[in-house]
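> Sequence:
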Amino acid sequence: MVPQKLTFSPLSRRQIETDFSGGHITSDAGLLLLREVDKQHRLTQRLAETLTDQRDPRMIRHELKSLVRQRVYGVAGGYEDLNDHEALRFDQALQTATGNASTLAGKSTLCRMEQAMDRQTIVKAHELLWHHFIEQHEKPPKEIVLDFDGTDIPVHGDQPGKFFNRYYDHHCYFPLYVFCGRHLLVSYLRTSNRGDARHSWAILALLVRFIREYWPQTRIVFRGDSHFSKPRLLAWCDRNQVDYIVGMARNQRLEALAAPAMDKVRTYYEAHGHKLASTFRFRYKARSWHKPRWVVARLEYGPQGPNPRFVISSRYDDGFKLYYEQYCARGDMENRIKDQQLDLFAGRTSSTHWWTNQWRLILSGFAYTLFERLRVHLKNTPFERMSAGTLRLKLIKVGAVIIRNTRRIRVLMSDSYPHKNDLSALVQRLVPQ
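Reading the sequence shown from the start, the letters are residues 1 to 433 in UniProt numbering.
Treat the hints with caution; some may be incorrect.
Unchecked claim - 27 Å max Cα-Cα, derived DSS-like pairs, lysine-lysine:
1) Lys65 <-> Lys107
2) Lys338 <-> Lys124
3) Lys285 <-> Lys264
4) Lys397 <-> Lys420
5) Lys321 <-> Lys275
6) Lys321 <-> Lys291
7) Lys379 <-> Lys394
8) Lys230 <-> Lys291
9) Lys107 <-> Lys162
Simulated from the structure, these hints should not be mistaken for laboratory data.
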């Protein structure tokens, strides 16, 4: 039996006493912010509409939209596993955010929902992300850049499609991510026993076809590292008027063509004693290419000797601008992937069902998208460029006492909450009074 009163050692002459009569206290009051963002864009509602409910209607207690919201908000709030929901289902902040006034679904109900996922559901969920991307633009942009990249997700159990990858030195999955700026378009689960560019051609073709239905005049640029410099992929881009800026692994022929320019960089280093970075553009045709293409060499010489990098481009732009401003900008995508993998638990692919693991990537993607839509309302504030994990720490993980009755739900936050002025202004922007 839990004691009604706990006594700690005194502070000076004051007794320190505690008990469990404080009512319902949450650590996630900021989930109400994501609720308002979600209401504006109907992301979880539309995601739930892509699902097919195979349950007996007479036995349903928790609707699909409630289950989807519970999982997406849970991931956004920092709860990575289904097991967390055995306690989280009683949290009144999450209940309020999901539109419920009673206990939420337990881990078994959520698990059954996830195990019912199939390929068609995943396709529809991705199409929803694409439609949402289009909706965020008032008019068609002149140009968009589609960033492709892969990463590893370690696996430790008996998940389907588990393979050992020599490069990463462990058993893993190898999902493909596609971003346009900060917009997530694709999080596609793959096995790790094939090349980095696996299925990227098909995904690019689907994306280009979809985008051109809405923006036929928009210039589309495909950008990726050297793993995506596949001859058939580049040839498809040429035939379909898709520009590309793609890295290329160095070889002896490329180094020989860049050697005269590299000699000048080496001479400068030997004369002045510090590195010089320069670029050199030239035409090059590999044996597997059907035509010559422009290659930009990034030339650098330092204490370790020459360090060239090469980029293939369909553009005839200034070499320095093309490499440093256009190609190197793809490095920002790495931060977006970290948001998914580290802060929003895209790596929790522990199910023995393939499509369940793919669904968990989708849940992470929708939690990320909610944070990005929240970020729109954070312009010109200290929160504008914070990562998803930092935004969660400062705006979502807010302690509060919740008092509910038949007429009102009161969420009482601490007077010493350090960001209360910013939070007040944010709520006024989200919910016009």
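> May I ask which of the numbered hints given earlier this structure violates, with the numbers listed in increasing order?
none
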